[in-house]
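Here's the letter readout for the chains.
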Amino acid sequence: MSRKWLSNFALAGTIRLLIMNSEYQRIIGNRVEVSTALNSWKRVTEGVYLHKFGIDPYEGDLFHETPIGLYVFTLMQEYLPQWALFLLFVIVDLTTALCLAIAAKHYAIELATKRKEEKDENKRLSKDVPNTSALYVSAAYLFNPYIILNCIGLTTTVFTNLLYSIALVSMTRRSVLWSCASIALLTLQGLYPMSLMVPATIYVATTAKNRKIGIITMLIVFTSILAILFAVSYCIMGSWSFLWSTIGFILTVPDLRPNIGLYWYFFTEMFEHFRWLFIASFQINVSLLYIVPLALRLRRDPMLLAFSYLAIAAIFKSYPCIGDVGFYISLLPLWKHLFQHMQQGFIVGCFLLFCTVFAPTVWHQWIYSRSANANFYFGVTLAFAIAQIFLLTDILFASVKYEFAVQHGIDKKINGNEAKLLLE
Amino acid sequence: MRIHLACCTMILISFSMSCHTWEITDNFVKTEHSNNWAVLVDTSRFWFNYRHVANVLSIYRSVKRLGIPDSQIILMIADDMACNPRNPRPATVFNNIKQHINVYGDDVEVDYRGYEVTVENFVRLLTGRLAQGTPRSKKLLTDEGSNILIYLTGHGGNGFLKFQDSEEITSQELGDALEQMWQKRRYHEILFVVDTCQASSMYEKFYSPNILAVASSLVGEDSLSHHVDPAIGVYIIDRYTYYALNFLEKVEPSSTKTLGEFLKVCPRDYCLSTVGVRRDLFRRDPDKVPVIDFFGSLRPVELTTNIMNILPLKSNCTKIQEFEKKYNYVAQFPEIVSQYT
Amino acid sequence: MTISRILVLFTGLINIGTCNNAYNDFFDEELMLKPLSSDHVYAYFQFTTIWETENRVETLQHSHLFPRGLGEIIGRHNVEELHVTLTEGLWNYQKWGYPFHDAGPGAEVTAWFNKDVTNIEEEWKGLTNALAGLLCASLNFVDTSNSMSPEFTFRLTSVTDRPVNSSHLRYSSLPREIVCTENLTPFKKLLPCDSKRGLATLLNSAHIHNTNYHSIGIHFRSICRNAACTRTSLELRQTVSLIYDTMIDANQDWSIRKFFGMGLKGACPLATLSNIYVDISDNNTNHIYELTPSPSAKVVSLRGGQQNEIAVYDIRAHSSRGIFNIAAVHSAPKNNAIYYPSILYANRYIIGYGQERGSLVTKLYNNHWQALDIILLENIPWYLLVYLNSITITCNEQRVHPLAQRYLPGRERKSPYYLELILRLPPHSITKITIDMDYLFLKWQEYPPDANHGFYMGPAIVTALLPIARNYTALPLDGSTITSSFNASRDAYLVQLRTESLLISLPTPDFSMPYNVICLACTAVALAFGPLHNISTKRLVLKRIEKDWKGKLFSFFVGKLFGAKKKQD
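Residue numbers (the UniProt record's numbering), protein chains in the order written: chain A, 1 to 424; chain B, 1 to 341; chain C, 1 to 569.
If you are wondering where the hints come from, they were derived from the structure by calculation, not from laboratory data.
Virtual Cβ for every residue (Gly too), placed ideally from N, Cα, C.
Be aware that a few hints might be false.
[As the list claims (entries may be wrong)] A partial selection of chain C residues facing chain B, derived with a Cβ cut-off under 7 Å:
| no. | residue |
| --- | --- |
| 1 | Cys-136 |
| 2 | Ser-149 |
| 3 | Phe-152 |
| 4 | Val-159 |
| 5 | Cys-180 |
| 6 | Thr-230 |
| 7 | Ile-422 |
| 8 | Pro-426 |
| 9 | His-428 |
| 10 | Pro-449 |
| 11 | Leu-494 |
[Said to hold, decoys possible] Quick list of in silico lysine-lysine cross-link-like pairs, DSSO-like style, CA-CA up to 27 Å:
| no. | chain 1 | residue 1 | chain 2 | residue 2 |
| --- | --- | --- | --- | --- |
| 12 | A | Lys-401 | C | Lys-443 |
| 13 | C | Lys-443 | B | Lys-162 |
| 14 | A | Lys-114 | C | Lys-443 |
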């Protein structure tokens, strides 16, 4: 077993390092699908360079990392040679995989115990189910082409993903401090991950002796950590100018460079007098609209809730990249028990595959050979987003059906007559 | 300079009148308007639309020759044809292949040019809602005594006129802009001339009084170009404007030609399209209106029988005290202190 | 004639009415014709108005020779110094030497505002708007997104009584601007004699716009009134630079009539000085020609190691005998040119392919035997994202560090990227400066109507102090007329040169798609909203499949059939 683990990690690390040291690193790092304005290493380098020269990097348009990020990256760029930097990125990515494995193991154990409680059945889960689940999740992360590209492209999403995985682990371990700290850091950097506070709070609240106190401590710890982080950022920069370049940049979507999301072409083609209306409605759609309904519906399975939030953010956020997509896709093995209820797995798989192939092709045709135009690339990103939407809704439907099946059995018959499941 | 001259004549007139106390004869004031303006717009960009620039410059040349000063002509040209690198004869635009008339001339002032020619700027110009700081030459400073000639040329369709191939003005928008002008008392009468395909659709939605509208073609018809100049490589003028210029070249500031004749400049066998005219908004009979009422100019002269005092103004001639200071030239090159040494 | 007489009378009247000042202004008109070794002739007109008064709003409202329209604008916007140029074509420094006034392609405006102006942005906007009206140029497109305040490149050329800094300076260039008759017409109207008399009659648009290079400029500043420099005067220089190609003609003869379409009728009566100079230094070396009529005087000008022989014509003396024409008649074909290239020049280009990213390369050539210190100003528009960390300055394969560097990152739609470097160019070297940039994707309404033509990027400006005056023509800082540049030796000669303006094709969206894109993207959002809404608001129930009458009929028959079979079994 442990040999399998070791070989997985070793192989994944080798693949990453090999490609990183090849000429493809630059090409991959420059891809719009991999690097966006928010996570591109090129921009980080520029920000660090400007900061070193005493020019406020937030004055320009290039740098959108947090001041804390700026501080860390300055240290990294100053003290690490090229190979060490590559190694650091790989190690961080492997650590993320490890964290995910731990989270998966915890979740699988939890799921098993829950099932035992609900259905006092003799059907005993084999002992290594948690272990296989962990192995699958980590493998799905380690060998996910999106994640590999993301790591090779040296995007800061690698670090974001580590924070995400830490958040998930600490959630399942019900660690108030760690989950709050990681989510606060994520919030500072990307704003949308704030929604992860809901599943984290549910986790803590379900085991706490007093629910109210649990929730309140959670909120207090989170806000105070966030406040401290903002204060630290202010201390580093000496002004609040970074707010506009980080959170303001995420919310107002001024950068229209294509990415895999829905925003860029939509706001390129938007009529000027409707711009703010649509920016507001799109931002509400991604950050506020689904929080409460999904939290109510999935309150018994906060991990699935976290997964849904991650997926929604990855689909609808203003500057998504394949690192975000790859992250929640690697969580899919967690829902192995739902696969039998899913209907569109094949279609979604084909869609994702075709989009992944077509995106660079039509990009080349549009930007370099000029035999296509922006609509082609938009079509691909649209299809990619719709495929992800199908994937998410399919899993949620499957979970609903699974719940039903657990309660009523898998037979779909009423008094011997054929029947079908309907949402009403 | 021009302003000087106008003031000068005005003062001279009033001065001489104060000396003789003239009786103003009954037939002295013949026209109802007191000044003339022209808004001439070419909405087409790109070299192959050379003819539209030639069109608008033909009218510009005529109104300028007949006396409207540059300060009262708003000329909008969407692209530069005269100094275009493709023009084999730089700084000229001719109205025909034999190079009879250089409609561009040696004395031309273009008020809106290139990217400034937009629907927004055009409507703002008409309605007078211009941004603060707009120079005087870009303003239509008309009043209730102004006769305005509006000439538009470009590519149009049923109910719209394209600007620069990227946006368009609809006939409804144009009609509303003119109504706003009327309500703001920005004109006395308007002669609206449009030379595009399906031109008559542009004036169909007008509903403000005192507008005489002429269009080079009816709805469903194309306005055709006159002829091609192989040296330039494109068509150089449109039929309607070509014949209009022919007619206007024969008009002198003192001539008695009427608008009725102007409406007949391009019969169907010349134009290959039917010239449309909308008379119902215009109160006068075009056959009795001189062409000069729109293409010529009246000087803004105010007649007065009162004696005016034009003695020198009592200016407080405080001699500005110039202090003696030591002035210097600044070093033109910075002192170089290397940051790296 | 009569008109101008009335005018003179009239303005005179007003002046008597107000303050009874003696006119303290002078007007000089000059034309320099300089045959170049590349078989071009450089014609430089300069109309200089000097007005011995202070730069105040009140004084600028009443003028005599100074153009009132311009004076009012200068007064209202508190301008201390103003340079406006409108140029078409690219100056070839390598072959043509250095011009009297350097100007980049399109329109360029530089203004220094008075030290007590507080709201500079507003005054700058107002000034450019007013100039747009005055000169029929689209200078109203100047705003904060394309203007900057360079620290080193531009220095106040006015006299001043206090130290200055660049916060009161604004510079902008509009490389797309076309220059044609409509700009020349108002330019000529600013002159005291309009284009009716004097050298300005030579400015015929058809003959000016068929040159290889033409540039008109308006330069306003304050200068010393007396030797001790305790008082100031206002100086307005209106310049026209033209490069004529004489290679077209086999015998290379040129004349004023050939260049400008007509001879000269006479001097402007309001001018104190009206001269034509012909630089005949290369006569008998490169060319052998004879000037007719022969000049009134010949001047030898020794300046910074360069000797020039200049023929001087006083127009008043010559024009009394009718129309006056200067012609150069070549008696022998051109010799093999003795050719001294300029010691400093530059060029610039973009490398990379595709519409995603590229690199900007500036090359600086130093042909001198000494090292030269230069200032390089890069003015990069906001739609090119510049990565300063990628800047590499190499000279002979070696990295060079700038002596000083100023950088201000640009902001989308707000300010351009400003980069100023002071470099020391080694002797006989080529220095190459490379910087990477990304092309930005704009909103569809920000693209011009001819979006696929591309976007123009203004020139880089190189400023240097040359130790020698080879190919150098510019006037000294304290000089106002062309005459002042004769024998004007100084320690160093300030030269400014501009690189090419560049055309960049940014990626474009499809301009016909707004409705489609809005519908499609909203559909994607709805696709998520619908199921998620269903999942979170509805419950899963098992329902009998209700069949419509067709289905019922079908199942009835099937039931019968199979039922019968079953019975049989």
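These are the hints, each one checked on the structure:
1. Cys-136: 5 Å, holds
2. Ser-149: 15 Å, violated
3. Phe-152: 5 Å, holds
4. Val-159: Given a least distance of 4 Å, the restraint on Val-159 of chain C holds.
5. Cys-180: Cys-180 of chain C check passes; min Cβ-Cβ to chain B is 4 Å, inside 7 Å.
6. Thr-230: Constraint on Thr-230 of chain C satisfied, holds at 4 Å.
7. Ile-422: 6 Å, holds
8. Pro-426: Hint violated; Pro-426 of chain C Cβ to chain B Cβ min 15 Å, cut 7 Å.
9. His-428: 21 Å, violated
10. Pro-449: 4 Å, holds
11. Leu-494: 5 Å, holds
12. A:Lys-401 x C:Lys-443: It is violated: about 45 Å lies between the C-alpha atoms, which goes past 27 Å.
13. C:Lys-443 x B:Lys-162: Holds - the C-alpha atoms of Lys-162 of chain B and Lys-443 of chain C are around 21 Å apart, at most 27 Å.
14. A:Lys-114 x C:Lys-443: 52 Å, violated
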